[in-house]
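Here this note's numbering is used: the first residue of the sequence shown is 1, the next is one more, and so on.
Simulated from the structure, these hints should not be mistaken for lab results.
Here the structure is a predicted model, which is why all the values come from computation and not from measurement.
Any given hint could turn out to be false.
Here are the simulated DSS-like pairs of lysine-lysine, each with C-alpha atoms no more than 25 Å apart in a straight line [as the list claims (entries may be wrong)]:
| no. | residue 1 | residue 2 |
| --- | --- | --- |
| 1 | K56 | K33 |
| 2 | K41 | K9 |
| 3 | K45 | K66 |
| 4 | K56 | K66 |
| 5 | K66 | K76 |
| 6 | K56 | K76 |
| 7 | K66 | K89 |
| 8 | K41 | K76 |
| 9 | K33 | K80 |
| 10 | K39 | K56 |
| 11 | K56 | K9 |
| 12 | K42 | K76 |
| 13 | K66 | K107 |
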Amino acid sequence: MHLNLSPDKRYYSIGEVADAFGVNASLIRFWDKEFDILKPKKNAKGNRMFTPEDVKNLQLIYHLVKERGFTLDGAKTHLKEGQKQTLDKFEIIRKLESIKDTLLQIKNQL
Numbered sequence: 001m002h003l004n005l006s007p008d009k010r011y012y013s014i015g016e017v018a019d020a021f022g023v024n025a026s027l028i029r030f031w032d033k034e035f036d037i038l039k040p041k042k043n044a045k046g047n048r049m050f051t052p053e054d055v056k057n058l059q060l061i062y063h064l065v066k067e068r069g070f071t072l073d074g075a076k077t078h079l080k081e082g083q084k085q086t087l088d089k090f091e092i093i094r095k096l097e098s099i100k101d102t103l104l105q106i107k108n109q110l
């Protein structure tokens with residue numbers, strides 16, 4: 001999954017995050033309540049503002065729940081038991097996907 005979020009921003013609104021993932025803001029709010037690893041700040045109006053770290057954790061949650069079919073409880077357990085290992089594997093998968101996309105672009109230019 002390639003997110004269309006500006007990499008130089010310190011905070012993203014819930015709308016930006018929801019659009020980037022192609023989901024409703026209500027799902028992002030729900031995951032925020034369900035998963036302790038998400039810690040968005042709230043602005044003066046009470047709106048959630050997600051950091052790049054939150055977005056990375058949302059990618060991991062999305063991967064476990066939407067792509068791998070984990071239940072919420074299963075995803076929570078998986079994150080608690082092996083968060084570092086899971087995050088490392090997830091990062092490797094994302095880097096390999098990026099490399100694959102680059103190689104396919106090169107192939108198509110031949």
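- Query: Of the numbered hints stated previously, which ones are contradicted by the structure, given in increasing order?
  - Reply: Per hint list: 3, 13 violated.
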